[in-house]
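Protein chains in written order, with this note's numbering: chain P, 1 to 285; chain H, 1001 to 1358; chain X, 2001 to 2260.
Just to be clear, a hint being listed does not mean it is correct.
Per the computed footprint, the stretches of chain X lying under chain H, defined by three or more beta-carbons under 8 Å from a beta-carbon of chain H, are [claimed, not checked]:
1. 2152 to 2166
2. 2175 to 2187
Taking lysine-lysine pairs in the DSS-like style, the calculated list, with each CA pair at most 25 Å apart, reads [as the list claims (entries may be wrong)]:
3. H:1179 / H:1166
4. X:2155 / H:1014
5. H:1292 / H:1318
6. X:2155 / X:2093
7. H:1152 / H:1004
8. H:1268 / H:1242
9. H:1273 / H:1349
10. H:1110 / H:1100
11. H:1014 / X:2094
12. X:2155 / H:1100
13. X:2003 / P:103
14. H:1309 / H:1166
15. P:180 / X:2004
16. X:2167 / H:1100
17. X:2090 / H:1014
18. H:1208 / X:2155
19. H:1152 / H:1110
20. H:1318 / H:1306
21. P:237 / P:67
22. X:2004 / P:103
23. X:2092 / P:276
24. P:198 / P:183
25. P:278 / X:2093
26. H:1129 / H:1112
27. H:1100 / H:1152
28. H:1112 / H:1181
29. P:276 / X:2094
30. H:1357 / H:1273
31. P:183 / X:2004
32. X:2086 / H:1014
33. P:237 / X:2222
34. X:2167 / H:1112
35. X:2155 / P:180
36. X:2092 / H:1014
Facing chain P, a subset of chain X residues (Cβ under 7 Å, in silico) [as the list claims (entries may be wrong)]:
37. 2021
38. 2024
39. 2076
40. 2082
No wet-lab data here; the hints were simulated from the structure.
Glycine included, C-beta positions come from ideal geometry on N, C-alpha and C.
This is what each chain is made of:
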Amino acid sequence: MLKLKVTYNRLRNLFLFPTVIWITVFFLVPLILILVFSFFERGVYGGIEYNFTTNNFSLIFDDLYYKTIARTFIVSLLNAVLCLLAGYPLAFYISTRSSTRFKNALLILTLLPFWTNFLIRTFSWMMILGNEGLINSMLIKLHLIDHPLELLFTPFAVQLGLLYNYLPFMVLPLFASIEKIDKNLYLASNDLGANGFKTFFNVTLPLSRSGILTGLFLVFIPSLGEFVTPDLLGGAKSPMIGNIIKDQFLTARNWPFGSALVFIIMMVILFALILKNKVFKHQSI
Amino acid sequence: MSLKISNISKLFGKTIACDNVGLNINQGEFFFILGPSGCGKSTLLKIIAGLLQQDSGSIEYEGNLYNEIPAYERPFNMVFQNYSLFPHLSVFNNVAFGLKMNITSKEETKRKVEEVLAQFQISELSERKPEQLSGGQQQRVALARAIVNSPKILLLDEPLSALDEKLRVEMQQMLKELKAKLNTTFIYVTHNQEEALSMGDRIAIMNKGKIEQVSTPRDIYYTPSTRFIAEFMGEVNILSYKVYHTEGGISSTDILYDENEFQLSNPKTLIKKEIQIVRPENIDISKDPLIKADYVESKRGIVIQKLFKGNTTTYIVKCDDNRIIKATDFNTGFVELILTGNEVYIGWKSTAIKNVKA
Amino acid sequence: MRKKFLSIYTLFAFAFLYLPILVLVAFSFNKDKINSSWSGFTLDWYSKLFQNVDLLNSFKASFFIGISSATISTIFGTLAAYALYKFSFKGKKKFQAILNFPIITPDIVIGIGLLLFYVFINFTLGYYSILIAHITFNVAYTTLIISTRFNFIDKNLENAAIDLGAKPFQAFRFVVVPAIMPGIIAAFLIAFTLSWDDFIIAFFTSGVGTTTLPVRVYSMIKMGVNPQINAISTLTLVVSLVVILIALRFQKVSNILNKK
Chain P
1 MLKLKVTYNR LRNLFLFPTV IWITVFFLVP LILILVFSFF ERGVYGGIEY NFTTNNFSLI
61 FDDLYYKTIA RTFIVSLLNA VLCLLAGYPL AFYISTRSST RFKNALLILT LLPFWTNFLI
121 RTFSWMMILG NEGLINSMLI KLHLIDHPLE LLFTPFAVQL GLLYNYLPFM VLPLFASIEK
181 IDKNLYLASN DLGANGFKTF FNVTLPLSRS GILTGLFLVF IPSLGEFVTP DLLGGAKSPM
241 IGNIIKDQFL TARNWPFGSA LVFIIMMVIL FALILKNKVF KHQSI
Chain H
1001 MSLKISNISK LFGKTIACDN VGLNINQGEF FFILGPSGCG KSTLLKIIAG LLQQDSGSIE
1061 YEGNLYNEIP AYERPFNMVF QNYSLFPHLS VFNNVAFGLK MNITSKEETK RKVEEVLAQF
1121 QISELSERKP EQLSGGQQQR VALARAIVNS PKILLLDEPL SALDEKLRVE MQQMLKELKA
1181 KLNTTFIYVT HNQEEALSMG DRIAIMNKGK IEQVSTPRDI YYTPSTRFIA EFMGEVNILS
1241 YKVYHTEGGI SSTDILYDEN EFQLSNPKTL IKKEIQIVRP ENIDISKDPL IKADYVESKR
1301 GIVIQKLFKG NTTTYIVKCD DNRIIKATDF NTGFVELILT GNEVYIGWKS TAIKNVKA
Chain X
2001 MRKKFLSIYT LFAFAFLYLP ILVLVAFSFN KDKINSSWSG FTLDWYSKLF QNVDLLNSFK
2061 ASFFIGISSA TISTIFGTLA AYALYKFSFK GKKKFQAILN FPIITPDIVI GIGLLLFYVF
2121 INFTLGYYSI LIAHITFNVA YTTLIISTRF NFIDKNLENA AIDLGAKPFQ AFRFVVVPAI
2181 MPGIIAAFLI AFTLSWDDFI IAFFTSGVGT TTLPVRVYSM IKMGVNPQIN AISTLTLVVS
2241 LVVILIALRF QKVSNILNKK
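Excised from the complex, chain P in its bound form:
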């Protein structure tokens, strides 16, 4: 009896080994390193002095950096909310089509633009929003304005770019959870006297809760680490934490400080996850 159990255990360990080792060494250890490095000092020539200090964390509360962190948080949250508002009707529309073929076609159409690289998509927006870009040249040609509108390199452009790039992360989980709702519930609701609006607010919305939650998280969390969109569409004007981190590692060469900032992002995410688990006990992403 014991022989087989031992064989099973060995086999299980063997199969799990590669994945577990990989994630431990190349994911968990680096996370620990981030934490560790954030307590060190920047060396004179940009290296690392292995002296313990909490300077990096106190620096964060400096006006300049603190503002950026706050802005990152707000922009990310706003992005999640905007994606939800923009994405829900779309997900709902696709889900309520009667032909499966049409549904699949719509889904593919929604995802197709995201098969291009996101840098390239963001670049496109530069071409559309720029002073000599599509919108401005059209408006000028139509004599609606004299000078080009400042659309690019504004917080508006950054928020727009983020919305554009993160929309599918919201639409897909929303669609999945709306799809799962038993269609008979709509019939029952109508039968009991509720009109379209009431049915939507009392049946559809609550039952798509898990999709909404998943979508919000899938948008909010990665948004925190963004730096390409604010870099390309915001210029130097509205940096997010990601931009500062990039600078610290590449230009300013203050790796410990950069690590501390990364660590802050990690903490915000952890906090958000714990909050989610406390409030929505049985939801799983």
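Knowing the structure of chain P, use the given hints to seat chains H and X on it.
Here is chains H and X on its own, set in the frame of chain P:
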């Protein structure tokens, strides 16, 4: 005696699936393991097959100990409840699977597979995939896949439970014919007592992990050894409840007529508890008074409910002494129609009364 | 009334989604470098593209890193998903949760973390530093995707195979793998896409020698408007479209073959 199961116990966490189970099954028997859902019968079957390891106990076949022998080396094959046909393989390759695993030549494989497909009348389905087959067809493929390997024991895990009534009866007939041709032992697990009664040579009743009785269908039905078995195999009328106990050397029997009272009765010197039962089909019912001498007991009552079941009708009668008795009769057309609300006379013979351990 | 609103909204939503794409494609054929005006159709940018050695090298790098990381992470993920499916053990749920962490961790955290790691162990940044990084996040996705697939297969398939005489490895190879094949293919495709598309992680973990396509495109964008970028994105789009269409056709054909 070819398959000897001794003291098999199996736990899943804290749940006891099999509790010291022992069975002796003869070669060539059509053996049934019958019990309600969750009684552990499927677990026992998988242990026999070698797909699950028992926590204690042994499996012996033809005198050899099989405990350490893995499932793929045992000369037993199983037909699974949901057929578990390999979805990516054609019917032919599904059936050929066991032969291929045992390194049979291509010609030999082809011959054997075609033979068994013909036997089950599914030759024309040879190239189809399982998803294109109906439930009944999948069933036959599952059987063919097991039989083609000429196993010494065929294990069947509720194979007909997913089929509708007509198909089930058809397949039961087919299984009986198949069994008659082979010398294979069939061990059939089910919760359907009709299947067990009509097809089995012997039946083992299993309840909560324990074997309660092993006997022929007739014995199990007519002389059930426990109350559970009596009520599981068919309908019963409980005439009385008996509690046997001793008081200073003198044995006495309390006779009760209430279920709750019976459950609560637990004298310190309890010897045993019994119920006295009569099955509805053994109760005669008529609109005219019955001849008292023919029956050990007879009563008058009113029909409060009538259940038409096609070939039989069950009458629920509230007797003059306020007891409820069920009586079942065949709808032969010769008996005068008894309707709800009618006054009736019911009676039973002494031979119909059984005392069963409770 | 509400229905009309929904349809109109959807139309606008799709217009919004496709505007940048159309602009992109259109201006890949525009003679004028500055994209405010249309000055004529040209394939110049495409030909320049194919002469751009740096760009072609980046394409090759991204492709090979994509295929390699997808293959390795799919193999690891299949084994891990199988182990999780078959065996139950204490702390399995927590274990699975940890395996999912890389999925919800922002790229910048993974990228910086690995950069620190490589520097810490004195590992030269280059092709392999990117490959290792890509396998790291891909293996979390492949494990998850294939694990999900396991939920949809008959629990007794493996038992049936073993009962019929297959040794455990034979059962795995001849029955389990074919049953989860759609999951394996999906995992591979997603892993490849994630690797191909990755910018942030490659940005922090690449050395001087190797530049993946997204990193190359980023530096091109930083240097100014260059319609070659439009050209390469149009090509990527067309290739994706073709691949999807082929995949759909293939599915339809295999459905027909099955029903025969």
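- Query: Within 25 Å, alpha carbon to alpha carbon, are residue 1179 (chain H) and residue 1166 (chain H)?
  - Reply: Within the cut-off at roughly 20 Å; holds.
- Does the structure keep residue 183 (chain P) and residue 2004 (chain X) at a Cα separation of 25 Å or less? Given pair residue 183 (chain P), residue 2004 (chain X) holds - Cα atoms ~21 Å apart, limit 25 Å.
- Regarding the pair residue 2155 (chain X) and residue 180 (chain P), is the alpha-carbon distance no greater than 25 Å? Holds, because 23 Å separates the two Cα atoms, which is no more than 25 Å.
- Query: Between residue 1292 (chain H) and residue 1318 (chain H), is the straight-line Cα distance small enough, at 25 Å or below?
  - Reply: holds (19 Å)
- Taking 25 Å as the top limit, are the C-alpha atoms of residue 237 (chain P) and residue 67 (chain P) close enough? Given pair residue 237 (chain P), residue 67 (chain P) holds - Cα atoms ~13 Å apart, limit 25 Å.
- Query: Straight-line Cα separation of residue 2155 (chain X) and residue 2093 (chain X) no greater than 25 Å?
  - Reply: holds (20 Å)
- Is residue 2003 (chain X) within 25 Å of residue 103 (chain P), Cα to Cα? Within the cut-off at roughly 16 Å; holds.
- Task: Let me know if the C-beta of residue 2082 (chain X) comes in closer than 7 Å to any C-beta of chain P, holds or violated.
- Result: holds (6 Å)
- Message: Given the hinted pair residue 237 (chain P) and residue 2222 (chain X), is their Cα-Cα distance within 25 Å?
- Response: holds (16 Å)
- Given pair status - residue 276 (chain P), residue 2092 (chain X), alpha carbons within 25 Å: With a Cα-Cα distance of about 21 Å, the restraint between residue 2092 (chain X) and residue 276 (chain P) holds, given a limit of 25 Å.
- Take the stretch 2152 to 2166 of chain X, compare each residue's beta carbon with every beta carbon of chain H, and decide whether three or more fall closer than 8 Å. holds (count 11)
- Restraint check for residue 2155 (chain X) with residue 1100 (chain H), where alpha carbons must lie at most 25 Å apart: holds (22 Å)
Going through the hint list in order, the structure satisfies each hint without exception.
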